[in-house]
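Q: Please take these sequences and the hints and turn them into a complete structure.
Chains E and Z are the protein sequences, given in the same order.
Residue numbers for the first sequence follow the working numbering, beginning at 1 and rising by one.
Residue numbers for the second sequence follow the working numbering, beginning at 1 and rising by one.
If you are wondering where the hints come from, they were derived from the structure by calculation, not from laboratory data.
Fair warning: this is a prediction, and the values are worked out from it, not measured in the lab.
Repeated chains share a single entry, so a pair holds when one copy, or any two copies, can fit it.
Lysine to aspartate or glutamate pairs mimicking DMTMM-like chemistry, simulated, CA-CA at most 25 Å apart:
| no. | residue 1 | residue 2 |
| --- | --- | --- |
| 1 | 337 | 291 |
| 2 | 311 | 158 |
| 3 | 340 | 284 |
| 4 | 320 | 93 |
| 5 | 352 | 291 |
| 6 | 285 | 275 |
| 7 | 24 | 96 |
| 8 | 348 | 280 |
| 9 | 311 | 96 |
| 10 | 357 | 96 |
| 11 | 355 | 269 |
| 12 | 355 | 237 |
| 13 | 320 | 239 |
| 14 | 357 | 279 |
| 15 | 259 | 332 |
| 16 | 285 | 334 |
| 17 | 165 | 63 |
| 18 | 352 | 239 |
| 19 | 9 | 47 |
| 20 | 347 | 280 |
| 21 | 35 | 93 |
| 22 | 238 | 343 |
| 23 | 311 | 93 |
| 24 | 352 | 280 |
| 25 | 357 | 275 |
| 26 | 285 | 332 |
| 27 | 409 | 250 |
Listed here are the chains, written in short residue letters.
Number of protein chains: 2
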Amino acid sequence: MEEILGYIKNNKQNYIEELKEFLKIPSISTLTENKNDIARCAQFVSDNLKKIGLSRVEIIKTEGHPLVYGEWLGAPGKPTILIYGHYDVQPVDPVELWNSPPFEPTLKNGKIFARGATDDKGQVFMHFKSAEAYFKNEGSLPLNVKFIIEGEEEVGSESLNIFLKNNSDLLKCDAVLISDSSLYGPGIPTLTYGLRGIAYLEVEMIGPNRDLHSGSFGGAVANPINKMAQLISKLLDKDGKVTIPGFYDDVIKLTKKEKENFKTLKFSDKNFAKDLGVDELNGEKGFSTLERLWARPTFDCNGIIGGFTGKGAKTVIPSKVTAKISMRLVPDQDPNKIAKLFERHIKKIAPKSVKIKVTNLHGGYPSLTNIENPANIAASKAMAKAFGKKTVFMREGGSIPIVTEFSKKLKAPVVLMGLGLNTENLHSPNEHFDLNHFELGIISSAYFMKEFAETK
Amino acid sequence: MEEILGYIKNNKQNYIEELKEFLKIPSISTLTENKNDIARCAQFVSDNLKKIGLSRVEIIKTEGHPLVYGEWLGAPGKPTILIYGHYDVQPVDPVELWNSPPFEPTLKNGKIFARGATDDKGQVFMHFKSAEAYFKNEGSLPLNVKFIIEGEEEVGSESLNIFLKNNSDLLKCDAVLISDSSLYGPGIPTLTYGLRGIAYLEVEMIGPNRDLHSGSFGGAVANPINKMAQLISKLLDKDGKVTIPGFYDDVIKLTKKEKENFKTLKFSDKNFAKDLGVDELNGEKGFSTLERLWARPTFDCNGIIGGFTGKGAKTVIPSKVTAKISMRLVPDQDPNKIAKLFERHIKKIAPKSVKIKVTNLHGGYPSLTNIENPANIAASKAMAKAFGKKTVFMREGGSIPIVTEFSKKLKAPVVLMGLGLNTENLHSPNEHFDLNHFELGIISSAYFMKEFAETK
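A: Following this line, the structure appears as structure tokens:
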């Protein structure tokens with residue numbers, strides 16, 4: 001193991017240079033104009049997996065963006081792990097708020113700044129490099145490894161879902177290892193056992209059949225922006241609870257033990273508010289910040305546009321307004337059921353003076369993993385060794401919808417070994433990844449392969 | 001008079017060709033990139049006023065866009081009229097909804113389509129051409145005429161207001177004639193005696209200091225779009241009344257006589273809704289559509305933008321959202337007072353979890369004219385002669401803020417001889433002007449000069 005660790009330490013600079021090449025590719029999955037970049041990025045992943053020493057690597061075409069599959073099965077009798085990650089990234093707007101161009105990776109204060117640095121290119125790359133360290137030093141891995149890297153995580157993982165349904169034999173494994181989440185804090189080894197799901201919809205509200213002069217028409221015809229504001233405001237009550245009938249029906253309440261564990265994490269509301277630059281936090285009444293983030297569903301308008309939005313004043317009553325709306329979900333809420341409840345409810349409460357069009361953009365299931373399994377125990381030991389500290393267990397507010405599908409279809413436990421920080425601006429300008437955590441992640445991955453190999 | 005009318009009839013095609021040149025200039029006053037077009041348009045107005053035969057024409061530089069002043073004072077002992085209009089136009093977005101390019105004037109079904117066709121280039125041009133008809137046939141006008149044509153009507157007329165304050169002697173007159181409003185219906189001669197005012201503000205609501213991942217942060221920090229929706233929805237109650245304390249304090253109630261006059265106009269709610277493509281009208285409870293449009297104040301969000309507004313889904317909690325908000329005002333509401341009441345109220349009711357920035361973009365006073373004066377009586381006779389029908393009197397929902405300033409500073413009655421139609425898409429795509437009304441407007445203007453000249 002010492003040779004492996006030495007190799008990782010000596011090669012850190014090379015790893016960073018390679019990661020830069022990965023980060024330079026603008027693989028934005030939601031924008032059609034980046035389709036070629038996505039293809040180029042899949043090729044990069046495939047090339048890198050071949051280079052480190054896997055015995056089989058394939059780019060798999062889909063209806064959407066390609067998957068990359070890789071394997072090395074040279075350890076008969078030993079466990080098999082499936083490592084999942086994604087090479088697609090979020091859009092970069094508002095691009096003017098970036099201090100360095102989002103696809104020109106920049107090192108500063110021990111961090112690498114670029115879109116995808118922490119979500120998820122930097123994190124998935126850690127496992128490529130731990131495997132490389134084994135191959136270069138021992139010519140083999142301590143267990144069997146499969147990789148499945150997708151390009152649609154930020155848009156709902158539809159192609160991977162279909163592939164998973166039809167190829168559960170190919171992906172068969174004893175545990176799924178995913179690094180696409182966060183540490184509880186800098187330098188704190190963390191395993192995540194719960195994720196929120198999501199229902200994401202677009203609502204278009206249409207009033208008059210054309211934009212109108214607000215003088216000639218104002219006061220006598222419904223203004224869709226006014227009405228949309230009223231609609232959105234009706235969906236949350238004064239205590240911050242979602243008012244859609246049936247919304248909370250399937251929510252599993254936090255156990256006493258979990259609530260106590262959350263308390264031991266000593267979360268500071270004051271520091272959290274300070275970091276966000278807000279005078280006061282805001283959320284559902286009756287819950288702590290960690291409970292709100294990890295174990296309660298939400299209702300958020302993620303975007304809205306309508307009418308005149310340029311500089312100056314234009315006195316228009318717009319014909320329409322469009323809002324993007326998402327609800328983070330917790331176990332056992334079902335994104336399809338929630339989307340239906342949402343659509344039915346808003347169509348019921350919207351006034352007759354406007355028309356409404358709802359589009360379900362994507363959904364993902366929430367997940368909760370029982371952590372008393374050999375894979376999570378091995379991961380806990382591995383991280384503790386890498387960091388030199390006891391591993392903590394937490395839930396996470398974000399969604400990795402595919403997690404539920406993996407545990408259902410492959411009947412294998414999922415290990416969420418996230419090395420990011422939720423202060424690393426994922427989905428925002430100036431996304432970055434701490435390069436110390438990058439190295440600790442490679443070491444944790446290497447320890448995990450060894451620890452988990454020894455369970456069989 | 002027959003010669004004048006004959007000349008107008010014979011020259012209609014030339015007038016339309018000249019109007020096209022006027023409409024080709026994209027004189028959008030609110031966009032800084034059109035500053036040169038504005039200057040070019042002022043030059044066009046100046047050249048045309050010189051060409052028709054005025055004795056003095058000047059382009060007057062201001063802090064904003066230039067004014068054009070013209071005069072012919074060769075009728076001593078006769079009354080003097082001041083003709084006001086504006087050569088600036090509204091922006092053209094959404095430009096993809098125009099059937100022909102907004103600055104390539106297009107004739108179709110007896111209408112001319114272009115930005116500014118009815119608001120106000122087509123209407124102000126009628127008076128240029130009636131004056132031309134007199135000069136070409138008689139070498140003189142029946143009374144003294146002054147023109148003041150501005151380039152900032154769509155952005156608040158600030159420069160004209162300053163000019164008016166310092167030059168009331170230059171602009172001294174017995175009546176102000178303005179064509180920047182609508183006929184009650186096609187072919188119905190109409191004089192407008194009331195206009196709404198406006199208070200127009202921009203509200204920026206700021207939450208966290210950066211865009212956040214809605215998974216990692218959602219539920220624990222205020223989402224500015226959610227909060228903006230709540231704020232906007234609180235400003236109107238369920239009866240459609242504005243909830244800002246003091247908002248209605250200065251509203252003059254409709255007289256019984258006015259209400260009865262409105263009823264005689266036989267407004268069809270059904271046709272109005274059908275034209276707008278809505279299933280149901282919407283407005284303040286307890287008032288008819290004409291009352292809502294002409295004699296009641298409003299609250300409208302004219303534009304809103306925040307968060308992710310591209311195609312697809314991005315799970316962001318935006319740092320900020322911006323809304324443009326206007327309130328149409330009725331006599332005797334004061335736009336400055338209303339803007340202050342608005343700002344004070346929203347700062348009071350906004351939650352502490354967000355910050356608010358309010359910018360007062362522009363304001364305009366409402367107006368009510370007593371129609372029993374020689375100028376309006378002459379105008380009523382003139383339009384009746386031109387159209388061959390009795391002139392009707394109405395109020396109008398739009399604003400010409402300068403009207404109040406004219407009557408205050410010049411102590412002269414204002415004649416609102418509008419030849420547009422409020423179905424002519426002013427401020428919307430496919431703005432147009434009926435060319436029959438264009439001709440009737442030139443004739444009405446010519447008759448008015450004669451009728452009003454005879455009162456002294």
